[in-house]
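Asks: Residues per chain are reported as follows:
There are 2 protein chains.
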Amino acid sequence: MKLYTSVGPNPNVVRVFLAEKGISVPIQKVDIMAGENRREPYISTVNPHGTCPALELDDGTHLSQITAICEYLEETHPSPPLIGPTPEQRAETRMWVRRIDLGICEPMGVAFRSSEGLQMFKDRIFTIPEAADALKNLALMLFSFTGFGAKINQPINADHQHVLTWFDRVAARPGTQK
Amino acid sequence: MKLYTSVGPNPNVVRVFLAEKGISVPIQKVDIMAGENRREPYISTVNPHGTCPALELDDGTHLSQITAICEYLEETHPSPPLIGPTPEQRAETRMWVRRIDLGICEPMGVAFRSSEGLQMFKDRIFTIPEAADALKNLALMLFSFTGFGAKINQPINADHQHVLTWFDRVAARPGTQK
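If you're matching them up, the sequences are chains A and B in order.
First residue of the first sequence: 59, per the working numbering; consecutive thereafter.
First residue of the second sequence: 59, per the working numbering; consecutive thereafter.
Please keep in mind that the hints were generated in silico from the structure rather than gathered at the bench.
Treat the hints loosely; a few may be bogus.
As a list, the in silico BS3-like pairs of lysine-lysine whose alpha-carbon atoms are at most 25 Å apart [to be verified]:
| hint | chain 1 | residue 1 | chain 2 | residue 2 |
| --- | --- | --- | --- | --- |
| 1 | A | K194 | A | K180 |
| 2 | A | K209 | A | K180 |
| 3 | B | K60 | A | K194 |
| 4 | A | K209 | B | K194 |
| 5 | A | K60 | A | K87 |
| 6 | B | K194 | B | K180 |
| 7 | B | K194 | A | K180 |
| 8 | A | K194 | B | K180 |
| 9 | B | K180 | B | K87 |
| 10 | A | K180 | B | K180 |
| 11 | B | K180 | B | K209 |
Not the full set, but computed from the structure, chain B residues with beta-carbon under 8 Å of chain A [unchecked claim]:
| hint | residue |
| --- | --- |
| 12 | T134 |
| 13 | P136 |
| 14 | P138 |
Note that this is a predicted model, so its numbers are computed, not measured.
Where is the CB? At the ideal position from N, CA and C, for every residue including glycine.
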């Protein structure tokens, strides 16, 4: 195996996953700031979708999409289990990964690429600058759900002071008063 | 097992998956139009997130999120394989599911809940009406990628007449001319 990696949160997920597994693979750094992932030879030989990271398998094929890569690593290197040792535990992990991904991570990513990251991304992928503020608000789902949790006897752990401070800060915003 | 199901594309994915597997489970219909999934007893006993479908396991726990449910069914009922019989084939399926889900299905869903579906959803989940048009445009990624494919010697299969017709129709829109 070989990992094509770069700056950014997606490659970092795979690097942390590999480290937690104790798997060491050759690394090839991709300069996404310079657009190396959006031109040849990367798009022909690694990933036609032009995203990073990508995992080269021993048969020469390439995987992209971090959840697919992590599932593959879990299947081929089951110990220690990070997704889960049983179908039931894996199902629970996948349920929560999807909730967090769709509710928080993806809206944050699209919003970044359409605002602060626009100059870098506008000629690379489909951006929607006029929706950036609204998409950033989607990250407020975390606020909504933790607020709901507090009402149904599932409050934020009192030891998690940063989360509590964040919650109070969001709760003080005009948009959350209505 | 028991499936809580309703109208809408997400429950349909699980129903089709079960049918393709040849698995028959008791069905409980949930009236999401009337908000049955957003109040007691559903949120306390089935899914605190209030989404449908949900799969009740034999130990009494409940799964939500369709990809987690389908992965669980694949693991517990491997034949016939729908995600894949090997780690490599499952990885490829998962990679494409994520590409299609993040690039097409989710933007369509959020856009629907923020426009035509707003009256039904505005008091249930976080909606962003001002971003609906932009999010609908994200479904145009399918157009962008198939157009890119045509340029790099990966054209749409000529047998797929409906896809070709759709592509030509999108290609004729003012927004795709620039």
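Asks: All hints, please: hold or fail.
Replies: Verification of the supplied hints:
no. : hint              : verdict
1   : K194(A) - K180(A) : holds, 18 Å
2   : K209(A) - K180(A) : violated, 42 Å
3   : K60(B) - K194(A)  : violated, 37 Å
4   : K209(A) - K194(B) : violated, 34 Å
5   : K60(A) - K87(A)   : holds, 11 Å
6   : K194(B) - K180(B) : holds, 18 Å
7   : K194(B) - K180(A) : holds, 18 Å
8   : K194(A) - K180(B) : holds, 18 Å
9   : K180(B) - K87(B)  : holds, 23 Å
10  : K180(A) - K180(B) : violated, 31 Å
11  : K180(B) - K209(B) : violated, 42 Å
12  : T134              : holds, 6 Å
13  : P136              : violated, 11 Å
14  : P138              : violated, 18 Å
Hint compliance for this structure: hints 2, 3, 4, 10, 11, 13 and 14 are not met, and every other hint is.
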